[in-house]
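Generate the whole structure from the sequences, applying the supplied hints.
2 protein chains.
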Amino acid sequence: MQKVEPKKEVKTIPPKGADLSEWYTQVCLRAQLVDYTPVRGCIALRPYGMAIWEMIQSEFDKRFKATGHQNAYFPLFIPESLLMREADHVEGFAPEVAWVTEGGGEKLTERLAIRPTSEVIIGTMYAKWVQSHRDLPVLINQWCNVVRWEKATRPFLRTLEFLWQEGHTAHATEAEAAQEVQRMLEVYREVAEDVLALPVIKGRKSDNEKFAGAVATYAIEALMPDGKALQAGTSHELGQHFAKAYDIKFTDVDEKVKHAWTTSWGVSWRILGGLIMAHGDDRGLVLPPAIAPIQVVIVPIIKKGDESVLPAAQRLLDELRTGVRVKLDDRAEQTAPWKFNEWEMRGVPLRVEIGPRDVAEGKVMIARRDTFEKSAVPMGEAAARIAGMLAEVQNALYARAQAYLQEHTAEQTERAAFIEALKRQEGFALALWCGRAECELDIKAESGAVTRVMQGPAPEGTTCVYCGQPARVKAYFARSY
Amino acid sequence: MQKVEPKKEVKTIPPKGADLSEWYTQVCLRAQLVDYTPVRGCIALRPYGMAIWEMIQSEFDKRFKATGHQNAYFPLFIPESLLMREADHVEGFAPEVAWVTEGGGEKLTERLAIRPTSEVIIGTMYAKWVQSHRDLPVLINQWCNVVRWEKATRPFLRTLEFLWQEGHTAHATEAEAAQEVQRMLEVYREVAEDVLALPVIKGRKSDNEKFAGAVATYAIEALMPDGKALQAGTSHELGQHFAKAYDIKFTDVDEKVKHAWTTSWGVSWRILGGLIMAHGDDRGLVLPPAIAPIQVVIVPIIKKGDESVLPAAQRLLDELRTGVRVKLDDRAEQTAPWKFNEWEMRGVPLRVEIGPRDVAEGKVMIARRDTFEKSAVPMGEAAARIAGMLAEVQNALYARAQAYLQEHTAEQTERAAFIEALKRQEGFALALWCGRAECELDIKAESGAVTRVMQGPAPEGTTCVYCGQPARVKAYFARSY
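Quick note, the sequences are listed as chains A and B, same order. The first sequence maps to residues 59 to 539 in our numbering. The second sequence maps to residues 59 to 539 in our numbering.
No wet-lab data here; the hints were simulated from the structure. Hints are not guaranteed to be accurate.
[Stated by the list, open to error] Computed list of chain A residues with no C-beta within reach of chain B, every gap over 12 Å:
#1 N199
#2 K314
#3 R389
#4 K432
#5 A442
#6 H466
#7 G493
[Stated by the list, open to error] Calculated pairs, DSS-like style, for lysine-lysine (alpha carbon to alpha carbon, straight line, at most 27 Å):
#8 K286/B to K209/A
#9 K165/B to K209/A
#10 K307/A to K397/B
#11 K421/A to K362/A
#12 K385/A to K120/B
#13 K397/B to K186/A
#14 K120/A to K120/B
#15 K123/B to K385/A
#16 K385/A to K186/B
#17 K397/A to K307/B
#18 K123/A to K123/B
[As the list claims (entries may be wrong)] Restraint ranges, calculated between C-beta atoms of paired labels, are given here:
#19 A442/A to A461/B: 51 to 59 Å
#20 A495/B to T70/A: 38 to 46 Å
#21 K362/B to P515/A: 22 to 30 Å
#22 T393/B to G126/A: 47 to 55 Å
#23 E164/B to G126/A: 39 to 47 Å
#24 Q240/B to A390/A: 50 to 58 Å
#25 E419/B to G126/A: 29 to 37 Å
#26 T70/A to G163/B: 39 to 47 Å
#27 A390/B to Q237/A: 22 to 30 Å
#28 A445/A to Y462/B: 21 to 29 Å
#29 D388/A to P369/B: 45 to 53 Å
#30 G163/B to T471/A: 41 to 49 Å
Cβ coordinates follow ideal geometry from the N, Cα and C atoms, glycine included.
Put into structure tokens, the structure is as follows:
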């Protein structure tokens, strides 16, 4: 077998502004987040990418548990006849299903879908578990892999197989289900903004854009540097659609047998793609400290004959270790500048440089990844300063992304200007809209953009920016990933 | 759709000694660890079962990381041509593969295997990542689902899809790979014995029983109450088989290009099945405190008109919460005896009962799940006593299982007695053995048992208990799950 490609060296990547798509791919590969595999559309998540994903998982997971949810695990396979029971759901997902047709050396009598999402199999189980109002609400989440057969794929953003979490809940009333949907949307916003430093817009999806089988879909949308929106998490009111199709019924306090109201909500590793695109720069990845597997890297600058630096670096490592995620890069075979480049490429928020003169003067140099600012800090103050600087980097990344989002969200009130803005692909166009599916398709045909989320209602007596019919909502329009 | 079955109530289960198999299934269902699904051979892991699995995962994961391993994630799919490259591996796994043959509405040009294990896809990636001796060792683990098309299935013990971890490492030398295999086998033993209270025997597998594609397989084996052995974890020396088949090569310090030496090692949720069988009793599940999601349940015994008990129970909850995983069962709709039964069924190690007289006397009753002993404990000493009692329960479960293992491991030196012992299925028969595959098949044909692990070498000049040829090892024989 031939080696698939030569070993990646840390070297220059295309400027982010010149070719975002190529920049993105190169950063994913060279920061060693992922690699391509011989399986079309499937990536290998390398240890560094996995470490970031594990941190993101843990941030979500603790919030899911704090809001009363428990984890569980349901089968990978869904028998075809079971999948086919909710009409809209089938129509939405059947075209992208991967089918198992053979197992144990025999042709199966019924095809098994690999889950593209698990409403169907989980709904079937809830029908067994729910009998009485006392069994409600059911609040369950699962972390798993799912498969959707996509034509074009890109690391994290669109892959055949992806890792995600899917929450599935069942409630006695419509109001309670609606509350759950908003509660989890808010958890998504909180993690995106407070942890990933990724400002998002919350709102409801149009009928064209909602989840297959949902009554209403809500989403958080982030804005990428090329002016395209990225859907980063969705939360669905499923009404009684799945409860009726899969027979989730309960005896209520009034002794009547009723169908439950269900919800589902999901975030995938796609949000990691959003994070890379939003914060990275021409030198590579820039990680928010909250989810950086290595928050601080110590790079000793060793001159021949000097024996003071490594012990000092080691002492600093021991001191920092209790408070932050820190690594000492003491590899002898690489130069300090080479290491600087590598850890910049991999997005480590702070770099501590320590050379013989620093040791002699009792100080270190601390470099910020986001601004490249360097400060000389007395050795004894390093630990305290680093804690403060990590918080500063976290806040600065959010502020920068937030400013970008604001600068690239423009209200549009005239049809021609609205379409022109969408064509220029310069971010969100916020406009009054009629809410009609046909109108959205016309806008898409003319501009390539659709509504990303809607917030409403529109003021009384206003009209749609595009078709002139009565406006019902304010909508954020953009092209999207 | 019809409800699949009526709601499970907590009620009697068959005595463990009378019908272990039915007892096991009922405990799995009634303790709400798992449920059957409409997908043949696939179970749903319910929140309580998942919580136990998450605790077991975390015990393994922290030890993997402490021994220098990192997590990663590789594709679910393996293209058929790739799977076919290591001959023994194919022969072992091809018969139990599930195949995806259609995706996105089209027939695939090449079938995709759903991973039964990931040596193939991970080996392919290591070939890309390893160039120089400096890239070694590669020490990676993945937590994932795998699929093996089994005919007969049982919760945890044998399921079509199961959750597991698989470690995959690559090394510059055979000796280093061999060390890794023993290091991880020891991690498995440590978690089994110190955390799960499951005594195990460590040793090497015979050629008949080793992993398809391995040079040598090592395993930990536990003994179940019916005298059958359960393989609870395996660690494989893969030699250069996979490195040669998948082209994992590196330039060594001597500038020569060499194939790497690889290992793999895995533990699945099967170990949870072993835990259930080993420790449970006629009232249901018995969990070792180390992995019990609820270590202590407080059951208030409320008499009509009394208002002292709930506040006292709440104060105790608040006090215990910082040190142990504790739950207050204050459901009004269930009686205290009903709750006692339920939490016994679910294996909670300690139950604290608190009634009006206890409150008046400033004490609580603490009941041990494993021995049913009850002690009156002054309220003020409850927290300290509970910490001690949890340790006692953990130790007592291990000691009981260890005594059982010792009592059911008998040295056999005579052929007839050896075969009779195996036929009686009363545990391990430890005997000198020649190590020949044919001899093992003859023993299996006559007794139903095989070697579970071998320890060696046999003393000079001794002979095989069965065939009389020169003995090479001491082997533990048993029937197995």
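Consistency of the hints with the structure:
1. Listed as a non-interface residue, N199/A fails to keep its Cβ farther than 12 Å from every Cβ of chain B; the least gap is roughly 9 Å.
2. Once the 12 Å rule is applied to beta carbons, K314/A is consistent with being away from chain B; the minimum gap is 17 Å.
3. A cut-off of 12 Å between C-beta atoms contradicts the statement that R389/A is not in contact with chain B; the least separation is 9 Å.
4. Here K432/A stays apart from chain B, with its beta-carbon at least about 30 Å from theirs, past the 12 Å limit.
5. Every CB of chain B is more than 12 Å from the CB of A442/A (nearest about 28 Å), matching its label as outside the interface.
6. Even its closest Cβ contact with chain B, about 33 Å, leaves H466/A beyond 12 Å, as expected for a residue assigned away from the interface.
7. Look at G493/A: its CB is around 32 Å from the nearest CB on chain B, clear of 12 Å, so calling it non-interface holds up.
8. Between the alpha carbons of K286/B and K209/A the distance comes to roughly 50 Å, so the proposed pair goes past 27 Å and is violated.
9. As the CA atoms of K165/B and K209/A are separated by approximately 14 Å, the hinted pair is consistent with the 27 Å bound.
10. Distance hint between K307/A and K397/B is fulfilled; the C-alpha atoms sit about 26 Å from each other, no more than 27 Å.
11. For a cut-off of 27 Å, the pair hint linking K421/A to K362/A stands: about 20 Å separates their Cα positions.
12. Annotation: proposed proximity of K385/A to K120/B holds, straight-line Cα distance about 18 Å (limit 27 Å).
13. A C-alpha spacing of about 22 Å is found between K397/B and K186/A, which places the hinted pair at or below 27 Å, so the restraint holds.
14. This hinted pair checks out: K120/A and K120/B have alpha carbons roughly 18 Å apart, not beyond 27 Å.
15. Under the criterion of a C-alpha separation no larger than 27 Å, the hint pairing K123/B with K385/A is consistent with the structure, at around 15 Å.
16. A threshold of 27 Å between alpha carbons decides the hint, and for K385/A with K186/B the separation of about 25 Å falls inside it, so the pair holds.
17. Between the alpha carbons of K397/A and K307/B the distance comes to roughly 25 Å, so the proposed pair stays at or under 27 Å and holds.
18. At roughly 25 Å between alpha-carbon atoms, K123/A and K123/B fall within 27 Å of each other, so this suggested pair holds.
19. Against the hinted window of 51 to 59 Å, the Cβ-Cβ separation of A442/A and A461/B comes to about 55 Å, which satisfies the hint.
20. Between A495/B and T70/A the CB atoms are about 58 Å apart, so this pair departs from the stated range of 38 to 46 Å.
21. Taking 22 to 30 Å as the suggested C-beta distance range, the pair K362/B and P515/A does not conform, at roughly 53 Å.
22. A hinted range of 47 to 55 Å is violated for the C-beta pair T393/B and G126/A, which are about 25 Å apart.
23. The given range of 39 to 47 Å is respected by E164/B and G126/A, whose C-beta atoms sit roughly 43 Å from each other.
24. Remark: the range hint 50 to 58 Å for Q240/B to A390/A is contradicted by a beta-carbon distance near 29 Å.
25. For E419/B and G126/A, the hinted distance range of 29 to 37 Å is satisfied, since their beta carbons lie about 36 Å from each other.
26. The hint said 39 to 47 Å for the Cβ distance between T70/A and G163/B, and at roughly 42 Å that hint holds.
27. Remark: the range hint 22 to 30 Å for A390/B to Q237/A is upheld by a beta-carbon distance near 24 Å.
28. At about 52 Å, the beta-carbon gap between A445/A and Y462/B misses the expected band of 21 to 29 Å.
29. Taking the beta carbon of each, D388/A and P369/B are about 58 Å apart, not inside 45 to 53 Å as hinted.
30. Distance hint for G163/B and T471/A: a CB-CB separation of about 43 Å, consistent with the stated range 41 to 49 Å.
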